[in-house]
Amino acid sequence: AQSVTQPDIHITVSEGASLELRCNYSYGATPYLFWYVQSPGQGLQLLLKYFSGDTLVQGIKGFEAEFKRSQSSFNLRKPSVHWSDAAEYFCAVGLSSGSARQLTFGSGTQLTVLP
Amino acid sequence: GAGVSQSPSNKVTEKGKDVELRCDPISGHTALYWYRQSLGQGLEFLIYFQGNSAPDKSGLPSDRFSAERTGGSVSTLTIQRTQQEDSAVYLCASTPGQPTDTQYFGPGTRLTVL
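One line per chain: the protein sequences are A and B, in this order. Heads up: the first sequence begins at 1 in our numbering, then just goes up one per residue. Heads up: the second sequence begins at 116 in our numbering, then just goes up one per residue.
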């Protein structure tokens, strides 16, 4: 069965510093990969997604992620973090099995941004 | 346009009671998903509806959980004889229906079972 691992439960960075959130997946085929952000009291918002093609994906709010098949990873990066980026971030793997498609989520990484 | 809406936003119930959670997907979206987010954990898939096809119920944790989707639009997730471990945020998402579609999530219903 597929799985998603986000090894960092909580990350703290200073505003303006760079950020990398790790995501590793286990899946037999090329997966569909996603990063979502969840701010307090708000629903999940899609940051970016990878289906095929260029392995470096650009998303909203200045985020990017790189799919590395050899490492089974899809790490999220941002060169300069803003205080408003403080939130919980979820990596997800999407499956397509003909009649159904569901997302398997990691357990999330909580990001704290220091002034 | 309007996004996915869910009601109620918060629900507190007593152990053993039944609850119904409602999801209104984005108009025109044929696929609808329910997920559960327990404290400190990621989202857990519960059930998936696509058009008029039989739903994928593979994620439902027990037979106390059921869901229906009427008229291909609104969905109701029902939890019977609630237990304390059912306490979680229940999220609904919808997509236009293609496998590569982005899932759009509602704000969730926070269920607390006392």
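It should be emphasised that the hints constitute simulated quantities derived from the structure, not laboratory data. None of the values given here were measured: they were computed from a predicted structure. Heads up, a few of these hints could be off.
What the hints assert, rightly or not - These stretches of chain B come out as covered by chain A in the derived footprint (C-beta under 8 Å, 3 or more residues): (1) 152-158; (2) 162-176; (3) 220-227.
Backbone N, C-alpha and C define an ideal beta-carbon position, used for all residues, glycine too.
Results for each hint:
1. 152-158: holds (count 4)
2. 162-176: Holds: 6 residues of the stretch 162-176 of chain B have a Cβ under 8 Å from chain A.
3. 220-227: That given contact holds, which follows from 4 residues of the stretch 220-227 of chain B lying within Cβ reach (below 8 Å) of chain A.
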